[in-house]
Amino acid sequence: MELKKRKDQWTKEDDERLAEIVLHNVQNGKTQLEAFEMAAVELGRTKQACGFRWNKTLRGQYSQSLLAVRNQPQQSMRSHLKLALTSFDELTEAYQNLEIRHRELQNEHEKLVKWLQQGYSLMKD
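Sequence positions in the sequence shown follow UniProt numbering and run 1 to 125.
These are calculated hints, taken from the structure and not from any lab test. Since no wrong hints were added, every one of them can be taken at face value.
Listed below are the simulated DSS-like cross-link pairs for lysine-lysine, each with C-alpha atoms no more than 25 Å apart in a straight line:
{"#": "1", "residue 1": "47", "residue 2": "30"}
{"#": "2", "residue 1": "56", "residue 2": "30"}
{"#": "3", "residue 1": "12", "residue 2": "56"}
{"#": "4", "residue 1": "124", "residue 2": "114"}
{"#": "5", "residue 1": "111", "residue 2": "124"}
Across the chosen pairs, the derived CB separations fall in these ranges:
{"#": "6", "residue 1": "113", "residue 2": "93", "range": "28 to 36 Å"}
{"#": "7", "residue 1": "113", "residue 2": "91", "range": "29 to 37 Å"}
{"#": "8", "residue 1": "87", "residue 2": "41", "range": "31 to 39 Å"}
{"#": "9", "residue 1": "84", "residue 2": "61", "range": "30 to 38 Å"}
{"#": "10", "residue 1": "61", "residue 2": "41", "range": "19 to 27 Å"}
{"#": "11", "residue 1": "121", "residue 2": "83", "range": "53 to 61 Å"}
{"#": "12", "residue 1": "79", "residue 2": "108", "range": "41 to 49 Å"}
{"#": "13", "residue 1": "20", "residue 2": "96", "range": "45 to 53 Å"}
{"#": "14", "residue 1": "96", "residue 2": "13", "range": "50 to 58 Å"}
Just so it is clear, CB atoms sit at the ideal spot from N, CA and C, and this is done for glycine as well.
Take these sequences, add in the hints, and give me the full structure.
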C-alpha cells in the first residue's frame, strides 16, 4: 500500500527556502511577519501557513542561526552610522568650502561691478 502525499505537504526545499527568507529578513532588520509574507508569495502558500511552519517546525532547528543574524544588524547599524557620520563630516567640510568660495566670488563680482561702473563713468565724461 502506497502512502498518499498531501498536495500541500512541505518539502525539504520549501523548509530551507522559508528559513532562508526568515533569516535574511531578520538579518536586514525586517520582521518575521514580513518574511512570512514574502515566503507566502514565493512558496505559493498563505503567510499564516508559513508562520505556523516556521514557529512549529523550523524555529527550533534554526535557533542558533536566528540568534546569530539578530546580532548582526546591530553591527551593521554601527557601520552604517559610522559611514553616515563620515559622510556628514565630509558634507560639512564641502559646504564650508563652498561658503568660502561663494564669498570670494561675491568679492570678485563686486570688484568687477565697480570696475565696470568706473569705466562707464569715464566713457560718459
